[in-house]
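Asker: Note that the protein sequences, when read in sequence, are chains C and F.
When you read off a place in the first sequence, starting at 1, and then add 216, the result is the number in the working numbering.
When you read off a place in the second sequence, starting at 1, and then add 29, the result is the number in the working numbering.
Keep in mind the hints are simulated off the structure, nothing from the lab.
Beta carbons: idealized from backbone N, C-alpha and C, even for Gly.
One should not assume that every hint holds.
[To be verified] Computed, partial: chain C to chain F, Cβ under 7 Å: (1) Pro231; (2) Trp238; (3) Gly250; (4) Arg308; (5) Pro327; (6) Leu415; (7) Ile445.
[Said to hold, decoys possible] Which residues of chain F face chain C? A partial, calculated answer using Cβ under 8 Å: (8) Leu113; (9) His114; (10) Leu130.
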Amino acid sequence: MSAFQLDRYRGWVLPVAAVALWWLATNQGWSQSGLLVSPRQVWHTAVQQLSGLPFWRALGSSLARDLAGFFIGTALGLLLGCVLGLSPLFERLVGPSFNTFKQVSLFAWIPLISVWFGLGDVAKVVFLSLAALVPVVVNTCDGLRTVPPGLREVARVYGFSRWQTIATVLLPAALPSIFTGVYLALVYAWLATIGAEYLLVSGEGIGNTLIDGSEHFRMDLVLFGMIVIGAVGWGLNALARMGEKHLQRRFGIVD
Amino acid sequence: MGSYRHAEPVPLLARPRQRLSSAAQPAALATGKLKYAKRYALLRHIALPWLLPLTLLGLWALGAQRGWLSAQVLPPPAYVYQTLHDLATSGDLWLNTSASLQRVLLGFALGAGLGAALGTAMGLSKQVEAYLLPTFNALVQIPVLGWLPFALLLFGIGEPLKYALIAHAALVPVTLCTLQAFRQAPPALLEVARVYGFSPRQRITQVVLPAALPTLFTGLRLGFTKAWLSLVVVELVASSEGLGYLIVYGRQLFQLDLVMAAVVIVGALGWLIDRSFDALQRRLERLP
């Protein structure tokens, strides 16, 4: 117990020292650069932003896009991943093309998407779905392919039909891998949300707030935005982990 | 396993390679027909993957020819090919590709080096880990793109910005995988090392490192993938040369053929890099 508390205390040393140094640097006026804002100023900006409506609208629209893209991408990814993992013929037909397609760095698609879908929400959601789709497909397909042959044989011995085998043997066995894919999709979708707001500049969103801060040389706003992005990412991660634990308990998976 | 089972299409889920070998097993009994089947399966194995891209390419060409979509929105494939050819012959291709490759390689080397050092320090000393890891984990929550505006203000839009962001992108997975690699040394082996009275140095070079190698490699591979992804983003946002710049430039002039040519190059390079990592990994695995 005490060792645990000691660990926590040691983890706080570095951030506290960094903030103290930062505070000292601004207080003593070590640099005249306008970029060196004081912690107090960042705090003020944070309070001001958090109490104003525009910030919450921006965050809300970012999250709405993130979740829309995540759900569409994950649903399509599960479908494609299952077909790829279950049918060797389809895998041979589509697999290599998909593997080549995923090598194109994700953000390289943005200019093309902007031509085809404009700069609005549709383009962003399409991009987000693409970002979420890839990890789900890869992990679902992988999970289905690496099901232990022993399990398959048992299903065959018991004379399971194809659907029974898929629903009661293969999918549950692949579940941990599918979780990993969905989890990655959540991470990627949030990254892509921020990226889409930088590169498809229109509308509102937390990324636009950051860009505004950057363009007006407002370091306090930028720092606040970064903290918000980090916190939301962390929150989504925590949510995904909770969901994973819940599902694992439900399906009796222990890893 | 009864032999009649082979007649049913039961092993639908087996990989193609396994299917080939199962088809080859009874080959000693009836060679002629099975040889044909085997050749057919091999042909299918090679030809099938080309079906989809070729169909898409055909549709694309047909659509462009029939004018289903204007050339501004979807330039015909021949046009994209022509642009690629022009880029290659004028030297622009090489100029921009080398600029991008230099950035990604230097940034990756910087980030991976730092990440490996950080991961090793945390892996070897519980003290360092206790002080550093919580802060590191908190900072990791902010994705590379979250750092971009901050880095823009700090570094401007010059080269340091690109190196910093690419290095950061590579650093995170390399650090985490290195740390994990040091942690996962099998306890039984560590015990053997203790029984034989290994010095800490011997323990690390002869037990921990060999066990850690695959994970270390995974970290490097992941790091490079992230570095490649960030390179494109950084070049899209701020640069005057490089593959990402070609994409933005083409987009601004509404020359989609240029955009598509650049996307094809980005994809081809990414594919090439992935293949080389794959080959390297396989070689590493074959090492004793």
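Asker: Now, for every hint given, state plainly whether the structure supports it.
Answerer: Hint by hint, here is what the structure shows:
1. Hint status for Pro231 (chain C) relative to chain F: holds, with the closest Cβ pair at about 5 Å, below 7 Å.
2. A cut of 7 Å between beta carbons decides the hint on Trp238 (chain C): the least distance to chain F is about 14 Å, and the hint is violated.
3. Because the smallest distance between the Cβ of Gly250 (chain C) and any Cβ of chain F comes to about 10 Å, over 7 Å, the interface hint for this residue is violated.
4. Given the 7 Å rule on beta carbons, the hint for Arg308 (chain C) holds: about 4 Å separates it from the nearest Cβ of chain F.
5. Interface hint status for Pro327 (chain C): upheld, as the beta-carbon distance to the closest one in chain F is roughly 4 Å, under 7 Å.
6. Taken as an interface hint, Leu415 (chain C) checks out: its beta carbon lies about 6 Å from the nearest beta carbon of chain F, inside 7 Å.
7. Among the interface hints, the one on Ile445 (chain C) holds; its C-beta lies about 4 Å from the nearest C-beta in chain F, closer than the 7 Å criterion.
8. At its closest, the beta carbon of Leu113 (chain F) sits 15 Å from a beta carbon of chain C; the interface hint therefore is violated under the 8 Å criterion.
9. A least Cβ separation of about 20 Å between His114 (chain F) and chain C goes past the 8 Å threshold, and the interface hint is therefore violated.
10. With 8 Å as the threshold, the beta carbon of Leu130 (chain F) stays out of range of chain C, its nearest partner Cβ sitting at about 13 Å, so the hint is violated.
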